[in-house]
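Chemist: Sequence:
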Amino acid sequence: MHIMTKGMIFIPMLAVVCMTQASHAKKEDTAEIKKSCAKIYPLAAGDSDADLISLYSQVCDKKNRKNPELLAQLQIQIAQKYQALDQNLKALQAVNQLRNQNIHTPELTDIVFLAGTAISQNALNQMRTVELRALSVETYAPAKLLAETIYFAQSTVPGNAAAAEYPNKKKSSKKTAEKNTAYKKTKIEATKSIAPKAVKTSKAAAKEPVLKASNSSSASPFDTFNKK
1 MHIMTKGMIF IPMLAVVCMT QASHAKKEDT AEIKKSCAKI YPLAAGDSDA
51 DLISLYSQVC DKKNRKNPEL LAQLQIQIAQ KYQALDQNLK ALQAVNQLRN
101 QNIHTPELTD IVFLAGTAIS QNALNQMRTV ELRALSVETY APAKLLAETI
151 YFAQSTVPGN AAAAEYPNKK KSSKKTAEKN TAYKKTKIEA TKSIAPKAVK
201 TSKAAAKEPV LKASNSSSAS PFDTFNKK
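Numbering (this note's numbering), first residue to last: 1 to 228.
Calculated from the structure, these hints are not laboratory results. Take the hints with a grain of salt, since some may be wrong.
With a Cα cut of at most 25 Å, we get these calculated DSS-like pairs of lysine-lysine [as the list claims (entries may be wrong)]:
no.: 1; residue 1: K35; residue 2: K66
no.: 2; residue 1: K39; residue 2: K66
no.: 3; residue 1: K81; residue 2: K144
no.: 4; residue 1: K35; residue 2: K63
no.: 5; residue 1: K81; residue 2: K62
no.: 6; residue 1: K81; residue 2: K66
no.: 7; residue 1: K62; residue 2: K39
no.: 8; residue 1: K62; residue 2: K34
no.: 9; residue 1: K35; residue 2: K81
no.: 10; residue 1: K63; residue 2: K81
no.: 11; residue 1: K81; residue 2: K34
no.: 12; residue 1: K34; residue 2: K63
no.: 13; residue 1: K66; residue 2: K34
no.: 14; residue 1: K63; residue 2: K39
From a predicted model like this one, the values you see are computed outputs, not experimental measurements.
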């Protein structure tokens with residue numbers, strides 16, 4: 001009886017613990033940004049990503065508000081997170097808020113570029129796959145200008161990244177270089193084999209007028225009178 005009583009007490013306790021853990025996990029899954037924080041940062045309304053909630057919680061912390069540098073860095077991380085989550089419009093809005101605070105960093109420029117590129121790519125896919133049309137005259141001109149600008153700016157890309165992005169291009173350029181080197185070697189060898197013959201011929205040709213000149217110079221101008 002004593003053992004049964006202990007078991008009967010243990011089972012309800014275990015059930016309570018499990019229910020508590022489940023409710024706690026549910027709260028974590030449905031965690032939201034505090035309303036007071038959402039009032040300061042309306043852009044955060046509706047966000048449920050755990051990382052974003054953590055960042056906004058730090059931004060809204062009264063202690064961090066006294067540190068402008070930390071606050072700016074946290075806001076930059078929020079913009080980066082929006083871009084990573086493919087929420088590109090929110091990423092651009094977050095960057096715009098920072099620029100209104102006169103904050104300009106290379107990280108913000110990268111966010112704008114990546115978000116803008118993703119938006120353009122989505123629009124292009126919409127044209128090709130859904131609307132089944134090509135770029136118009138108005139849309140082609142800026143797209144071409146962007147492609148050309150990217151081409152001239154690619155020198156800043158690290159060599160390893162460029163090789164990973166364009167492996168076939170690297171292989172083809174290597175093969176072309178090898179072909180050019182082999183062609184140059186063949187041309188040099190051919191030139192060497194032909195050059196000595198050309199020199200000998202030119203020397204032989206040069207000797208003929210010399211001999212003629214010497215023969216003519218040895219003859220006396222009075223030989224014709226002597227022969228008579």
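Chemist: It remains to establish, for every hint, whether it holds in the given structure.
Modeler: Each hint, compared with the structure:
As the CA atoms of K35 and K66 are separated by approximately 21 Å, the hinted pair is consistent with the 25 Å bound. Straight-line distance between C-alpha atoms of K39 and K66 comes to about 19 Å, which keeps the hinted pair within the 25 Å bound. The suggested pairing of K81 with K144 is violated, with an alpha-carbon distance near 30 Å, which exceeds 25 Å. Between K35 and K63 the CA atoms are separated by roughly 18 Å; this keeps the pair inside 25 Å, and the hint holds.
The hinted pair formed by K81 and K62 meets the criterion: a straight-line CA distance of about 22 Å does not exceed 25 Å. Restraint check for K81 and K66: satisfied, since their Cα atoms lie roughly 23 Å apart, inside the 25 Å limit. Taking the CA atoms of K62 and K39, the gap is about 15 Å. The hint holds against a cut of 25 Å. About 14 Å separates the Cα atoms of K62 and K34, which keeps this hinted pair within 25 Å; it holds.
Simply put, K35 and K81 have alpha-carbon atoms about 21 Å apart, close enough for the 25 Å limit, and the pair holds. A hinted pair counts as satisfied when its Cα atoms are at most 25 Å apart, and K63 with K81 qualifies at roughly 23 Å. The hinted pair formed by K81 and K34 meets the criterion: a straight-line CA distance of about 19 Å does not exceed 25 Å. Between K34 and K63, the direct Cα distance comes to roughly 16 Å. Compliance with the 25 Å bound is thereby established for this hinted pair.
Proposed proximity of K66 and K34 is supported: the alpha carbons are some 20 Å apart, at most 25 Å. Our distance criterion of 25 Å between C-alpha atoms is met by K63 and K39, whose separation comes to about 18 Å.
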